[in-house]
Structures are given as structure tokens and as C-alpha cells.
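Keeping the supplied structure of chain A fixed, place chain B upon it in accordance with the hints.
Going down the list, the protein sequences come from chains A and B. The first sequence: position 77 = 77 (UniProt numbering), numbered continuously. The second sequence: position 92 = 92 (UniProt numbering), numbered continuously.
The hints are simulated quantities; they were obtained by calculation from the structure and are not laboratory data. Note that beta-carbon positions come from the ideal geometry of N, C-alpha and C, so glycine has one too. Heads up, some of the hints might be wrong.
[As the list claims (entries may be wrong)] The following label-pair restraints were derived from C-beta to C-beta distances:
1. A/A19 with B/D306: 31 to 39 Å
2. B/V63 with A/E48: 50 to 58 Å
3. B/F42 with A/A76: 16 to 24 Å
4. A/A46 with B/D11: 39 to 47 Å
5. A/V34 with B/D119: 50 to 58 Å
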Amino acid sequence: MAAISREEVAHLARLSRLAVTEEELDRFAGQLDVILQSVARVGEVAAEDIPPTSHSVPLTNVYREDVPTPSLAQEAALSGAPDAYEGRFRVPRILDEEE
Amino acid sequence: MTIIALPSYDDAISRYEPVIGLETHVELGTQTKMFCGCRTDFGAEPNTQVCPVCLALPGALPVMNRAAIEATIRIGLALNCEIAQWCRMARKNYFYPDMPKNFQTSQYDEPLCVDGYVDVTLDGKEYRIGIERVHIEEDTGKTLHVGGATGRIHGATESLVDYNRAGIPLVEIVTKPVPGLGALAPEVAKAYVAELRDIVRSLGVSDVRMEQGSMRCDVNTSLNKPGEEWGTRTETKNVNSLRSVERAVRSEIIRQAGLLDEGVRIFQETRHFQETTGDTRPGRSKETATDYRYFPEPDLVPIAPDPAWVEELRASQPEKPSVKRARLREEWGISEVEMQSAVNAGAIELIEETIAAGASPAGARKWWLGELARRSNELGIELAEVGAGPAQVAELQKLVDDGKLNDKLARQVLEGVVAGEGSPAEVMAARGLEVVSDTGALQAAVDEAIAANPDIAAKIRDGKVAAAGALVGAVMKTTRGQADAKTVRDLILSRLGVS
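Next up, chain A with everything else stripped away, as it sits in the complex (with noise of 0.2 Å):
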């Protein structure tokens, strides 16, 4: 059975706004079982006794403190971008969201 459906596929192309076409979700399907599929294998030499691992690191409480450092100037920061208007980002209108 396939870790991952085409359907599921569709989904979070939706949701991450890509514009996929019907043969990419067909290859990429296939493409993101086989990465799933190898994935799974680690989960089933786990046994219950380890948990989940999110940190391969073993540290706790990194902080720093509430000391300011300086920030970009406006021109560098925007200077990246691909447009900017009056020192802000400007980006195209959000399609699908109404307020």
C-alpha cells in the first residue's frame, strides 16, 4: 500500500499554493512513497521503549538575553526582494482569502 495517496498529494500542493499538474502529481506520488516508505523502515526497528526523536542534540533551555543587537538597515533588508514600495514588501494580492 502507498504511504501517501495521489489525493494527499493534491492536498498540500493546495496548501503550500503550487501549481501542480496532473502528471507532476502522478511523479511526485511516486517520488514522495519511496522517501516514506525508506523513512518507515527506521520506525520499525524503534521499539516502544524510544520515543519519538525531534532533537538529535540531547541540550535543553538554549536562551539569550533581552539584549537588542542591530537590525538591517530598511534598504538592506527590502534589498532582496523581488519589489518593495515605501520600505515595505510588496507581494501579489492573497487569492482565496476574503476578509
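Frame of chain A, contents of chain B only:
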């Protein structure tokens, strides 16, 4: 669309039982953001408080702000929560340009604080509101929709984004569902938010100003018939004042009752509160928006607060607002209603400081809840910003107590003080407002008033002491209000041989 006749509130509440829940966001007042050292100053030029971390530039790594974790634990402790011994941050994935990362760093199934409560007093009765969780997350950037007629998303052709706010620490406080309030649900909801605001303010971790957005509320409401299961809830966003909290619950109860009366099913949705009309309108569809695909944030290590640190914080918590109110009520000798009006006016600290500066509790309360409260209402500003401080109010009251100012003159002096003319003594001197204490001058004015009003004087001589008021008025007029009414009255009575 069918138009449904809405029932009255009383009618709706006589047939349905409301269950409410509140989610409140508090922006912390830290110097820097949650995961980077960018400043959090309000009103800075757009995109000047941003860096590779909060702009999500490739390779940038977040590090948590210790002060934000401490503030969240303090809020949790103040709300009687258990503090988690170990928890993680999570990514909340969604596609929207208000976060450059395409996700918000938040907490999901492992909040930092859980299972607390707040006791809220309304009209002398106490209601316990359960707290489900308190978690830490980050605020989003501000989007400005342009090209449309109204500046809203609908009809806009593009959006302009400022990421200064993106990444400012935000604490979310979620109540458990609150049933059994009946008709009082809207008022208890408001009282809860007010209590929460006072608690957070007392901790000094946020300025909790709803009008500036540093405290924001979402209100959940559902209705069910008595004895039946709870209904489907709606979530009302955009509720940004205490009064709106009450109005939002009330209008949602009426709206849902109207639908249920017609046999229309309530469906779970996000609605937006309309400040102008006081009702709610449907918001964006949550069809896919709820699919946030949360997963543990790999770039941030788990939070495991040292129990000793938590106990240290617990031991150094400030006095709870409810305890403080009870203590001050005793010290000031006032009723619960009087205390409540001082709380509502935001005057507690100001009155306290005024008393500390030497005024009597009654004198301090009188000015802050009278002239100065009126001025702050008229100008729509905070009481602390009216232009007079506790030291000046205490000085003013001392001039009254010393007999140098009467009530009317003191008001004029206060006017001068808030207008920036100087201290009360300086204004009094500059405007020549001191009470006429020259007995000779006063005596002359009294004799003049008696001579001008022989009929009234005769009445007083005959024992009709109440008639003296007219003569006092005449003397006050000639002295342009600059006399002490009681002194004048005594002078008149002794002149006419009445004791």
C-alpha cells in the same frame, strides 16, 4: 439569503444556554523579539527592526529570549497553572505573507503552562474561569492591502508588508469552555478579560493596551437548549476593547438563537466583530486553514524550566490584583463599587502614589476619579497622561487642606497644571487664585452683603439659619469665589448674633 428575525437578548437567553470560551493574545513588553535581538519599539519606520532571523533568510537560526520564557511562566503562575517540566516549540505551517517563514513558531500539544484558573468577581459574586493553557509564540508582520477601494483584502490588488512586528513574543491564554453563566455570560466574559489585563499588568510583562493591539481577544460562543449537548461554536475575532468583548458575546447569542429558532444548523466558523454595529460578520473560510501540519521545531531545543527557577519566580510574584484591591479597599475605607470605579478608570496606582505623596485617600480619589478622569475620557487618553501627576495632585490637595484653596479655586488651579503652567503653588500664585484669608477684607464683604440684603439678614436673626446660604453666595460673588465658604458662613452668623 433569507432574513431571519432576531429575538431579543432576554428572549434568546430564556430558551438557550450559552457556553463561552476566550483566547487572549498578549504581546510581551520585552526589549527584543522572541528569537532574535531586533528591537520591538512601537511605531518605528517599516522594516527597520528586522534581521536575517525574523526575515527568515536562508541559514538564519533562532535563539529563544529568556525574558519571554520567564514572562510566560510568570503569567502561568499568576493564573494558577502548572508549569511544564519539558516542552517544545512547534511550527504552525500556513501560506500567508504576514510571516516570511511560511510558518509561525508556536506551541502545539506541549504548552508551557496548563490547567489553571482565574476567579472573577461580578456584582459581588465570584466566578471561576478555568484556564486550559498558556503558551508562547510570535507575532506576525503587518500587511497593508492596496489597490482595493476599502483597504481590505477584498478587491485589493497587492499587499505591502512590514515585518517589524514579526517575531515579537506573544503569549496566548486559552480558557476552558465556560458553561452555566446564563444571561451573565457577556458580562462575565468582559470581567474575565479585565481581570486578566490587571493580572498581566501587575506582573509588568506587557502594557496590555487593547486599543494599541498589545492585548487582543477571540471570543468563542455556542448555544444549546437546556439539558442538551453543547452546540457548535463560532469564533469571533477582532474584539479589541473590554466593551467589545461583552457586545460580541451578546450579539452572537442573539444571532445564533435566531438561526436555531428557524432550525438552521450553526456551523463552525471564524467571524469578525464589527466595532461600528456591534455585531459579527463571517470571516474567511477555514476549510483548509485549519490544516496547519504542526511539527516540533527542529531549530529550537526543548524548554525544560529548572524547578528551582520556577519556585524562585513563584516566590517573587507581585501581589495579585484581587488581593491588592481587597487590601486597598480596607486601607482607603471604600466600598466595592467605589473600588471598581477606581479600577475601571485605571486609577489604582495613581491614587496609591498620590497617597504616598501625602494626600488623604479621599482627597486622592476625588481628583483622579473626578476632574482628571473626566478629562481623560473627553480626550480619549490614559489617566496617567492627562498632564498632572501624583505629586502635583497631592500638592493641590494640601493647598485645599491648608485652606489656601477652596474646591472651586482648586479646580481652576488643576486646569492650569494640566495645561502645563507649572506646579499647583505656581499656578495659584500666577493666576492669583488664593483664598481671601484677609479677615478685614472678608468682614467688609460680609457687612456689605448684610447691608444689601436686610430682609434675609432679618430672617437669619430670627433663627432661620438656612437663609444664610444666599448671603454666602453674595460674598462669594464679590470675592470672585476666592473665599472659603465655611469661613464666610461663620462670619455672617457671628455678625448677626447667631451661633
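Do the hints match the structure? See the list:
1. A/A19 with B/D306: 31 to 39 Å: 49 Å, violated
2. B/V63 with A/E48: 50 to 58 Å: Violated, since B/V63 and A/E48 (Cβ atoms, about 34 Å apart) do not stay within the stated range.
3. B/F42 with A/A76: 16 to 24 Å: The hint (16 to 24 Å, Cβ to Cβ) holds, given that B/F42 and A/A76 are roughly 22 Å apart.
4. A/A46 with B/D11: 39 to 47 Å: Check failed, 59 Å falls outside 39 to 47 Å.
5. A/V34 with B/D119: 50 to 58 Å: 57 Å, holds
Of the hints listed earlier, those the structure fails to meet are numbers 1, 2, 4, in rising order.
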